[in-house]
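Enquirer: Residue numbers (the UniProt record's numbering), protein chains in the order written: chain Z, 1 to 422; chain B, 1 to 113.
Mixed in with the good hints, there may be bad ones.
What the hints assert, rightly or not - Using 16 Å as the maximum straight-line C-alpha spacing, the simulated EDC-like pairs for lysine to aspartate or glutamate come out as follows:
(1) B/K92 - B/E103
(2) Z/K172 - B/E36
(3) Z/K171 - Z/D43
(4) B/K92 - Z/E187
(5) Z/K172 - Z/D41
(6) Z/K172 - B/E103
(7) Z/K171 - Z/D41
(8) Z/K172 - Z/E133
(9) Z/K172 - Z/D43
(10) B/K70 - B/D15
(11) B/K92 - B/E36
(12) B/K92 - Z/E190
Unchecked claim - One-sided and incomplete, this derived list gives chain B residues near chain Z with beta-carbon spacing under 7 Å:
(13) A2
(14) D85
(15) E103
(16) P106
(17) L107
Hint data in this document are derived by calculation from the structure and do not stem from the laboratory. By construction, the Cβ of each residue, glycine as well, lies at the ideal position given by its N, Cα and C atoms.
Here is how the chains run, residue by residue.
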Amino acid sequence: MSGGERSTVPATTAEVERAVAEAHRHEWALVLAATARVAGDFDLAEESVQEAYLAALGAWARDGVPDRPGAWLTATARRKALDVLRRRQVLRAKLPLLLEPDATEPDVPDEIAVPDDRPRLVFTCCHPALAREAQVALTLRLVCGVSTGDIAHVFLVSEPTMAARITRAKKKITAARIPYRIPEAAELPERLDSALAVVHLLYTTGHTAPAGGDLVHADLVDRALHLARMLASLMPDEPEVRGLLALLLLTDARRATRTDTDGRLVRLEDQDRSRWDRDAIAEGRRLVLGAFRTGRPGRYALQAAIASLHALAPRYEATDWPQIVRLYDALLDRWPSPVVALNRTVAVSMVDGPTVALAEVDALAQDPRLAGYHYLPAIRADLLHRLGRDTEAAQAYRTAIDLVDNDAERDFLATRLGELTR
Amino acid sequence: MAQYAVLIFSPAPADPMDLTPDYLALLERYPAQVTELGGRIVTGFALQPSTTATAVRGDLVTDGPFIEAKEVVAGFFVLEAPDLDTAVRIAKLNPATIHGGVEVRPLFTPPVE
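Next comes chain Z alone, as it looks inside the complex (with noise of 0.2 Å):
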């Protein structure tokens, strides 16, 4: 069996549990993206790659963890698949369903000839005929390597009904013929917008968990995260890519400040900024000077902008505010979301006043998209307080606790509300 050059000390137990536990987390993506290509369909590749890494504890103990885990990997994964298939003895049947002609090769090369074909399996498992949360739930899965249980606790869904939700969603790639390929240069913006939003909420679902007790769910914002950074690896031209990883470091370079010790949240003109991941933010700040260098920057770009000020602020007060409402423009020119609007308030009342803002938060509160989101009261709320009108604000507040569903954030609300009615 090839697999590069070995190493010629065998490893022990726990090196070589190591090794695949690493391998694990950084190749999974790869083996499985070759896999699929030989397999035809998800299932199959998904079983050969999880008995590979099976194979890897045995013969890695025996022989030396390889130079090139992956390689080794995605070698035996194939080989595993391409055995599966000669004994369906359906091979000629099975191939079509997701392989492209040039694939068709039925005999496995080495695995220096293997192709990366990590963008295909991002855009199978983004694919827009593909509701939302298959895609989040797909992406995962396939991608990520995570397990169906994780997944769905994640999510806060029984693992069969995540299982069920993953094999339906695997069953339409199958019956109705979604290609595994990159998608074509017209329809590439649309298709990569789809998985650039996946990762997103992937973040945004990590960041702040939609219910429940963390306010972090830090796994999954390191898969996020890694996902980022691989679609990058992938795509380094694509702007809205690197604007994507731009916003995911720097808001990300705040983790460790937006909780105090006992999980409380802290508000960004109360963290502490000597705290923040400096690196991580002389990264993001690279990345969106290059998206914005690329011509007219996207949501990701101009987010990563937004959150590239604040990052650099030395402190709240001295945020340059007049250009964050200008990036908020031209968000809201480029994505009219009504939350954009709401957060764009914010800016408005360090640079016009809490007056102006609470004006055109009132406006905003007409809009039907905005009812049941906790954040409009909050915000409305800390305007009236800024007005001396308490009140006022303290109705807000509460209108906000009724509606928010994490733990942290309700706290955090109470303790506003508290400090009022004191």
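Take the given structure of chain Z and dock chain B to it, following the hints.
Expert: For chain B alone, coordinates are given in the frame of chain Z:
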């Protein structure tokens, strides 16, 4: 090649006699566009208006389409295409998508195994 049913939905009652000259002109060009995009229409039908439909649910026989909605099935065709992306590209050019829409749905073939 895979086969898809393309179900055409138009504002009720979807009377084919009421189609505008513009729509008919677009429809005239459609088969050539399908071929150009790599598909083939296997067969296709337009339906009489939904006011002529009769629904049967269990023992209950009622006047009108099975599901009461703003848009009703106006016709369908069977499309042969290499994959869903091609089928959707073809579906997007159908004039029904201007005021109504289409549903692209793979035909069922019993599994080989």
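Enquirer: Against this structure, judge whether each hint is valid.
Expert: Each hint, compared with the structure:
Between B/K92 and B/E103 the alpha-carbon distance is near 10 Å, which keeps this suggested pair within the 16 Å criterion. Between Z/K172 and B/E36 the CA atoms are separated by roughly 26 Å; this puts the pair beyond 16 Å, and the hint is violated. A hinted pair counts as satisfied when its Cα atoms are at most 16 Å apart, and Z/K171 with Z/D43 qualifies at roughly 10 Å. The suggested pairing of B/K92 with Z/E187 holds, with an alpha-carbon distance near 13 Å, which does not exceed 16 Å.
The straight-line distance between the Cα atoms of Z/K172 and Z/D41 is roughly 11 Å, inside the 16 Å bound, and the hint therefore holds. Proximity of Z/K172 to B/E103 is assessed by CA-CA distance (about 14 Å); at most 16 Å being required, the pair is judged to hold. Simply put, Z/K171 and Z/D41 have alpha-carbon atoms about 9 Å apart, close enough for the 16 Å limit, and the pair holds. With a C-alpha separation of about 14 Å, the suggested pair Z/K172 and Z/E133 falls inside the 16 Å cut-off, and the hint holds.
With a C-alpha separation of about 13 Å, the suggested pair Z/K172 and Z/D43 falls inside the 16 Å cut-off, and the hint holds. Simply put, B/K70 and B/D15 have alpha-carbon atoms about 14 Å apart, close enough for the 16 Å limit, and the pair holds. For the hint pairing B/K92 with B/E36, the CA-to-CA distance comes to about 14 Å; that is within 16 Å, so the pair holds. A C-alpha spacing of about 14 Å is found between B/K92 and Z/E190, which places the hinted pair at or below 16 Å, so the restraint holds.
Satisfaction of the interface hint for B/A2 is found here, the shortest Cβ-Cβ separation to chain Z being roughly 5 Å, below the 7 Å cut-off. Annotation: B/D85 was flagged as interfacial toward chain Z, and the flag holds, the nearest CB pair being 5 Å apart, inside 7 Å. Checking B/E103 against chain Z by beta carbon gives a least distance of about 11 Å; that is not within 7 Å, so the hint is violated. The criterion of a C-beta within 7 Å of any C-beta in chain Z is met by B/P106, whose closest approach is roughly 5 Å, and the hint holds.
Interface restraint check for B/L107: the shortest CB-CB distance to chain Z comes to about 9 Å, outside 7 Å, so the restraint is violated.
Violation of the numbered hints given earlier is confined to hints 2, 15 and 17; the remaining hints are satisfied by the structure.
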